[in-house]
Structures are given as C-alpha cells and as structure tokens.
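Engineer: Spelled out, the chains give:
2 protein chains.
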Amino acid sequence: MPHTTNKQSLYTSLSPALLNLYDISSSVVVIIDVLRATSTIATALFNGAKEIIPVDSVDECIRIGKQMNAITAGERDGKVAEGLQYGNSPFEYPESFISGKTLVLTTTNGTKLLHMALVKGANEIITGAFANIDAVSEYLVKTGKPVLLACAAWKDRVNIEDTLFAGAVVEKLKDHFDINCDGSKMALGLYKEAQKDLYEFMKTNQATHFQRLTNFGLEKDIKHCLTNNTAPVLPIYQQGKLIRSNNNI
Amino acid sequence: MPHTTNKQSLYTSLSPALLNLYDISSSVVVIIDVLRATSTIATALFNGAKEIIPVDSVDECIRIGKQMNAITAGERDGKVAEGLQYGNSPFEYPESFISGKTLVLTTTNGTKLLHMALVKGANEIITGAFANIDAVSEYLVKTGKPVLLACAAWKDRVNIEDTLFAGAVVEKLKDHFDINCDGSKMALGLYKEAQKDLYEFMKTNQATHFQRLTNFGLEKDIKHCLTNNTAPVLPIYQQGKLIRSNNNI
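Respectively, the protein sequence lines represent chains Y and U. Going by this note's numbering, the first sequence opens with residue 1, and the numbers climb by one from there. Going by this note's numbering, the second sequence opens with residue 1, and the numbers climb by one from there.
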C-alpha cells in the first residue's frame, strides 16, 4: 500500500533526542514548550513585544541583554535563573510592561530545541502552544510545506503537556496532511483521552512538570498555558529573533 | 513535594534513542517488541524451545547457527532476512517444530535494543509482549527491583504497539511502583484510549507497522500478537541466551 497522496507530510518528534530522525530541510518546524517557554513567547508578542531573542545559556542572555539594553528572562528547572531579571511566566509580560520592548529569553528546553532545529537546517521555524494553537494550525495548512511538530520535552524525556499540544494540532490538521507517523498518532490518542479537561488530566496523572510547577505555586500558570487562543499570534524565527508574523490570522 | 515512598521506580523508554537517559544498573529492563520479536520469543519458549540466542546481524546469525547446528531466524523490514531459514512469526514455532531446539534470532529492532541494554549494564534483562504480559507483570512485582520498560520502536521512531504494551503493564503495576515518569503515563493514557479493542485501534490509526505487516498479509500475526497470555512464560537473558525462567508463574 504505497502512499499516493498530494498532501504534505506531518511528523511529530516527542523529544529533542529524536529530532535527528527527521529531514527538516523543507519543513516548517513547530517548537513546542507548553510549560512555559512557547506560551510566554506567544503572550509577549501578543502583548506588543518588539522581538524575542532566544538564547541557549544564562551567560549569553546577560551578555546580549546588556548589549541591546533589553529585558533578560529565563528559567532553569522551573525557577528564574540567577542573574536574570524575569522568569518564564506569561503573567510577567502584560502589555503595559512588554509593549515595544526586546526580550532575551533562555529556558531549560525550548530555546535549546529551537537552536537544534536551526543548526539542523530547518526550512522555517515557528513556535506553538495552546495560547496560539489556531494561529499555528491555520498557518500550517496555508503554507503548503511539510511539518514537524517538535516537542521540547524535559531534558530529553518525553512529557505529557507538549505531547498533548502536538495531539491537539494533529486533531485539527489530520485531514490536511499525510500523517504516516506513530508519534503523531500516539499524541492524538493521548489528546483524545485527555481533551475533556487537560488540566484535570495533568493533575490526575501528576505529570512531572505539573508537580515541579505546583511546588512553586504556579497552578495559575499551568491553567493559563492549557487554555486555547489566549495570545493569537504567529511567532516566526527570523535572523536570530522571534517576531510576530504578518501571516497572522 | 519530594517523593517519599518505599516503592521501587518504574520508567518507560519509548525509543532506543532514549535508553541512555535512564540508569539501569540496578533495574530489570523489559525489552518490548510486540510486532513481533518478543511475541515470538515468548511463543517459542512456551512451545519448548531450549533457548533463543538473540544476535545483532544476519551474518552473526548464520555463523552461530552453523556453529551450534541451530535454527536461524530473523527479519529485516518485516520480511525473512536473506540467508536465514525462518522468519519472525509466532506461528512458525509450534511445539512440534521447536521443542528442544535452539533458535538463533535477529530482528530489526528488538535484538538490537537488548544488546544496547546489555552493554549499558542492565541488572537484569527479560522480554515482554502481550503473549506473556501476566508472567512479566507478576515477576516485576515479585522481584523488588526498579523497572525500565524499554520499547524497541522502529528504527528509533516511537511506535504505537510497543507503547500500548508498556501502558498495559503500567495499568497492572501502577499501585506497586513509584511512577514519576511522563513516558509511562503517556503509555497508560494511550492504552486507556485503545484498550476496548487494540487491533481496531491499530487499524483505525493505521499504525505504521500495522501497514507494513498487512501488506505482507500478516493480519493474523497482528491479532495474535495483541492477545494476552497466549504464551505464559518469562523469558530471561542469561549468558547470551534467552531461556524460560524458573520464576514462571
């Protein structure tokens, strides 16, 4: 049964350690780090941030922040990283604070994965989270390129929340793409099992990052990050920066 | 919320490419290759095979087969590998054929993963499939060691059937182990979504290996390999060989 379809392919990589299994030279790669990097990126851009510069290390974050007179932000293991001004919560970036500003951001998993995709030669890189799920999904249908949904996971271990987001996107896109990928189908299956109440599913299953964040009193962040379309923008990576795309819905 | 429990840990690795994230020096590693290596291993041992020697390569399979005057078997990409006598279907190994014999087996993913776990210093290696799910689960509860459920996947890409089996084992063991691992919880979630009819779930989702095997007319194999306890033995790896353990139920 050879595949005979004119649809583009869609794959899901559940961990950065699996990224190298996929040829992404002609693909849009969607970086997914629901708790909380890509939720915060969407929120900051929606609230008027001029640009977000994702960097790998805290040192680099401080260096570029000084150089550009920008806001430095980021977390390590779920907490504000030492030496940086702000953390990784969408609630830290209301319009009154972030509008017109440049944010230099480093996170445990999301920004690292973005740089892996860049080095591996991704045709195009965008970021996705429930906060901007419709903007991302509509763009992927429109763009006509193959897609890789790339979960940031946690230090290479698969995680529930990024997989749920991949599943939610697969649910929206499954009629538009050729999905010959068990990772995508597993994500969809998990999403179907969880979709009645994503927060409750995360709580009942005591997802590892759910535990980490609730230990810091961040239930509010988790609920917000699992809510659809709170920040309907399309963050696109261009010349070292994430900016709000003109392809917005 | 530090974990305070006397239970042993249970982790699930969804792909051989993720195996190195886990310390297995004191763990029982369960090698999972439902379609079809570990189903066939359980079946051959249940039907009286003396021992099964898993080897990485077809050449090694032929060499050891000659040396031991044993049956050579294995597949590459779902078909009998060239130069070998038999394939990877449980139906090829009835008691009348296999009883008392030695089988040298090489498969695309399962035997490779077993050797990875060996090299990485696993405390103990067993193999699991729906064919022997209760024997495996009961042994894991009894043994008192930490557990890693290790999916063979397909050329490092996660697959549905091995994940479903991991989920089925997690469902049986979840009250006996400390499961602080999203991979295990994702497997359980997927299993819950699929458990009414695993074959139908594989078919509806057109799991990639389901497609490969049905192209070879192997629906019967798939159904058999998704059935519980058709071969209730515990295959354990000792000194280069898989044998039927005395710890059998």
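In case anyone wonders, no lab produced these hints; they're calculated from the structure. One or more of the hints may lead you astray.
For identical chains, the list gives no copy identity; a pair is met inside one copy or between any two copies.
[Unchecked claim] For lysine-lysine, the following BS3-like pairs were computed, each having C-alpha atoms within a straight-line distance of at most 25 Å:
1. 174 x 192
2. 155 x 120
3. 66 x 7
4. 203 x 7
5. 66 x 120
6. 196 x 174
7. 101 x 203
8. 174 x 155
9. 192 x 172
10. 142 x 101
11. 174 x 241
12. 50 x 174
13. 66 x 79
14. 203 x 192
15. 174 x 203
16. 223 x 192
17. 142 x 155
18. 79 x 174
19. 120 x 79
Engineer: Would you mind marking each hint as holding or not holding in the structure?
Structural biologist: Checked hints:
1. For the homomeric pair residue 174 and residue 192, the shortest alpha-carbon distances inside one copy (13 Å) and between copies (22 Å) are both at most 25 Å.
2. In this assembly of identical chains, the alpha carbons of residue 155 and residue 120 lie at most 25 Å apart whether taken from the same copy (19 Å) or from different copies (20 Å).
3. In the homo-oligomer, the alpha carbons of residue 66 and residue 7 never lie at most 25 Å apart, since the shortest distance is 46 Å inside one protomer and 49 Å across protomers.
4. In the homo-oligomer, the alpha carbons of residue 203 and residue 7 lie at most 25 Å apart only across protomers (21 Å), although the nearest pairing inside one protomer, at 37 Å, exceeds that limit.
5. Proximity of residue 66 and residue 120 under a CA criterion of 25 Å is satisfied in neither setting, with 29 Å inside one chain copy and 45 Å between copies.
6. Taking the shortest Cα distances, residue 196 and residue 174 sit within 25 Å of each other both inside one copy (19 Å) and across copies (23 Å).
7. Taking the closest pair of Cα atoms, residue 101 and residue 203 never come within 25 Å of each other, the shortest separation being 35 Å inside a single copy and 51 Å across copies.
8. For a Cα distance limit of 25 Å, the shortest separation of residue 174 from residue 155 across copies, 24 Å, qualifies, whereas the shortest one inside one copy, 29 Å, does not.
9. Proximity of residue 192 and residue 172 under a CA criterion of 25 Å is satisfied in both settings, with 12 Å inside one chain copy and 22 Å between copies.
10. Taking the closest pair of Cα atoms, residue 142 and residue 101 never come within 25 Å of each other, the shortest separation being 30 Å inside a single copy and 59 Å across copies.
11. For the identical chains of this complex, residue 174 and residue 241 are neighbours neither inside a copy (30 Å) nor across copies (44 Å), given an alpha-carbon limit of 25 Å.
12. Taking CA atoms no more than 25 Å apart as the test, residue 50 paired with residue 174 passes in neither setting, with 33 Å inside one copy and 48 Å between copies.
13. For a Cα distance limit of 25 Å, the shortest separation of residue 66 from residue 79 inside one copy, 21 Å, qualifies, whereas the shortest one across copies, 60 Å, does not.
14. Taking the shortest alpha-carbon separations for residue 203 and residue 192, both the intra-copy value of 16 Å and the inter-copy value of 17 Å come in at or below 25 Å.
15. Taking the closest pair of Cα atoms, residue 174 and residue 203 come within 25 Å of each other only across two copies (16 Å); inside a single copy the shortest separation is 28 Å, beyond that limit.
16. Within a single copy, residue 223 and residue 192 get their C-alpha atoms as close as 18 Å, and across copies as close as 24 Å, so both meet the 25 Å cut-off.
17. Taking CA atoms no more than 25 Å apart as the test, residue 142 paired with residue 155 passes in neither setting, with 32 Å inside one copy and 31 Å between copies.
18. In this assembly of identical chains, the alpha carbons of residue 79 and residue 174 never lie at most 25 Å apart, being 36 Å within a copy and 30 Å across copies at closest.
19. Taking the shortest alpha-carbon separations for residue 120 and residue 79, neither the intra-copy value of 29 Å nor the inter-copy value of 33 Å comes in at or below 25 Å.
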